[in-house]
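There are 2 protein chains.
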Amino acid sequence: MEINTYTKRFSSPLYLESGRILEPYEIAYETYGTPNADKSNVILICHALSGSHHVAGTYEGERKPGWWDGLIGDGKAIDTTKFYVISTNVIGSCFGSTGPMSPNYPSEAPYRLKFPVVTIKDMVRAQMQLLSHLGIYHLKAIVGGSMGGMQALQFAVDYPNLADHVISLASTYATRPWTIAFNKVAMEAIRRDPRFMDGNYEKDAFKEEGLDGLAIGRIAGHISYLSPESMDAKFGRNYVSNDGLFELFGRYEVERYMEYNTSNFSKYFDPLSYLYIIKAINTFNLSRGYDSLYEAILRIKANVHLISFSSDYLFFPGEMEHIARMMERNGQRYTYTEIDSNYGHDAFLVELEKFDFLIKKNLEED
Amino acid sequence: MEINTYTKRFSSPLYLESGRILEPYEIAYETYGTPNADKSNVILICHALSGSHHVAGTYEGERKPGWWDGLIGDGKAIDTTKFYVISTNVIGSCFGSTGPMSPNYPSEAPYRLKFPVVTIKDMVRAQMQLLSHLGIYHLKAIVGGSMGGMQALQFAVDYPNLADHVISLASTYATRPWTIAFNKVAMEAIRRDPRFMDGNYEKDAFKEEGLDGLAIGRIAGHISYLSPESMDAKFGRNYVSNDGLFELFGRYEVERYMEYNTSNFSKYFDPLSYLYIIKAINTFNLSRGYDSLYEAILRIKANVHLISFSSDYLFFPGEMEHIARMMERNGQRYTYTEIDSNYGHDAFLVELEKFDFLIKKNLEED
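If you read the sequences in order, they're chains X and E. Take the working numbering: the last position of the first sequence gets the number 367, and nothing is skipped along the way. Take the working numbering: the last position of the second sequence gets the number 367, and nothing is skipped along the way.
FYI, nobody ran anything at the bench for these hints, they're computed from the structure. Among the clues, some could well be false.
Distance condition first, Cα-Cα at most 25 Å in a straight line; then the derived SDA-like pairs of lysine to any residue [to be verified]:
| no. | chain 1 | residue 1 | chain 2 | residue 2 |
| --- | --- | --- | --- | --- |
| 1 | E | Lys204 | X | Pro195 |
| 2 | X | Lys208 | E | Arg196 |
| 3 | E | Lys268 | E | Ser41 |
| 4 | E | Lys235 | X | Pro195 |
| 5 | E | Lys268 | X | Pro195 |
None of the values given here were measured: they were computed from a predicted structure.
All chains should be built: construct the whole structure from the sequences, respecting the hints.
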């Protein structure tokens, strides 16, 4: 499978939902496979909060493959011998697309907190610009989980003629206060960390010693990505060491996991980007800009495939089901599958074998 | 109803589960009503993480009554015209009983991080000392919710002949990694807050400006006390102000709630006490010291009343049900009730009308 990584710079303005303008802006993206002559085999993948455009394959010299590598590749469910897969980095991110640490043109200085609030709708609009630039006006499918699933649904509503199939996993129609509250931990922990300095930190300030605020916020995030059942199975009540029980800071396995993962994360993920992306998640509401959720969903022409996970404690199955019920009433084309899983929200990233065949099947249909 | 508040100082050692000794130690407690001649009308109330011995009535000059005032008082479910109610402050707390900011005898300096880890078993043992001191060797009932419910169950297992009834609400038989993970947010946020200074802060350092770390940890706590449904009902997706949507730090109602409650809390609750009490919650395991959970529960002679709440996302109904099933198999006396509620874990504090009649009925039995 051929991987190509690009960055496209746009000099035209991107009109944001807030009324503000992003200009110029860049979009980092990656492609796998080859487009056919009439470009009828293009699939767009949308990433989640901590993801990037590096969705499949392994970069030279690296060990870790892209975040959905199990799903995308030659002969895999999203088969790169058949499909031309494009994955873009969302605006606001810190992995190549324009974000809060990008230069605030015409100055060379980063935007920092002057970066405009971007929404899921804006992320989608930016991707539309890229598709136009690439001369792609029709997609076989758009696929994404969590925040990626929000983007997929937003595409389906805002651009009804774009895609044959829209596959949204572990997502929702509008972010509920429950999720906003989890994000609030990160928002406050980052803001109040003295080393955050109102966003005026040096570019690589946290490379060696990650920002505590981000690590702490990320612990709350990890709770919402797992489930009580998955934690029982993964960690139980085991201690890291025997003296864990009677030492105040003696750690349970679950605590070590949280420390290790979040401390690593806080070294490479930009805290300003984190703030802007969770804000985009918080403000996600498919009905915004339309008279109602019903009116928004009624616009959809794609065949929508909704996949939820029974133990998802971040976006509960009922939220996806709510969309399914509306589409059912409208006589729209859709499928809804609740996957039985103990892995919580993370299931869309780790239990691929439970749904990859569904995606494969969806893509075989017209 | 007469309220009396006392502090009893013990000069004898309290032997802790860790093998360490607390000596001397003090227990703050409050009583309501009057003991009858043979002291057969005594009810012990155990408090939760953020609670204190001030469970009922209103102090002179204050507006806010005790935390279970709706349940306890003259003519209420726990009727203080009939019962003599005692409520103690747990060791480790910051409301009068010996805790990490108490003098590390014979020095005058506070223990701070030298305070020994205390467990639910230790909290219960300390309360047994107080009961002995008061000449009370038998209780009509022990009642508590959340961490208070853990204490109630621990009493039932460790001191089988003590109480006629043990009423445990919104609790568990052993704290699961899910809850430990929520507590981990607070543990890391407090530890890493520069103003925490490894516990070497001045006694009233956070009176004016609360400790951020505690406030942040408490946001995670509040998530676990509520439920997605209660948040939907309470906050919806409303903004505090109209510009909330497109301002990075523009707040949803749920965010204002989190900020307001946690900032207040961080001004009056001692962060070291918070660390020690969440450690006690983390280490709670009814089976510790016994061969198995089965063996522990088999010891119980009291009539145990287990009350869970359908939307409790901290201690799930299944956890209480697990105890009930064991008692059922053993032919022990118990009742189990799952209250249908949207209020989440907090239901044991706010939806009193859904279970106060159950408690009243329990107390009318022998």
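Outcome of the hint check:
no. : hint                : result
1   : Lys204/E / Pro195/X : holds (22 Å)
2   : Lys208/X / Arg196/E : holds (24 Å)
3   : Lys268/E / Ser41/E  : violated (40 Å)
4   : Lys235/E / Pro195/X : violated (32 Å)
5   : Lys268/E / Pro195/X : holds (19 Å)
Of the numbered hints stated above, those contradicted by the structure are hints 3 and 4, listed in ascending order.
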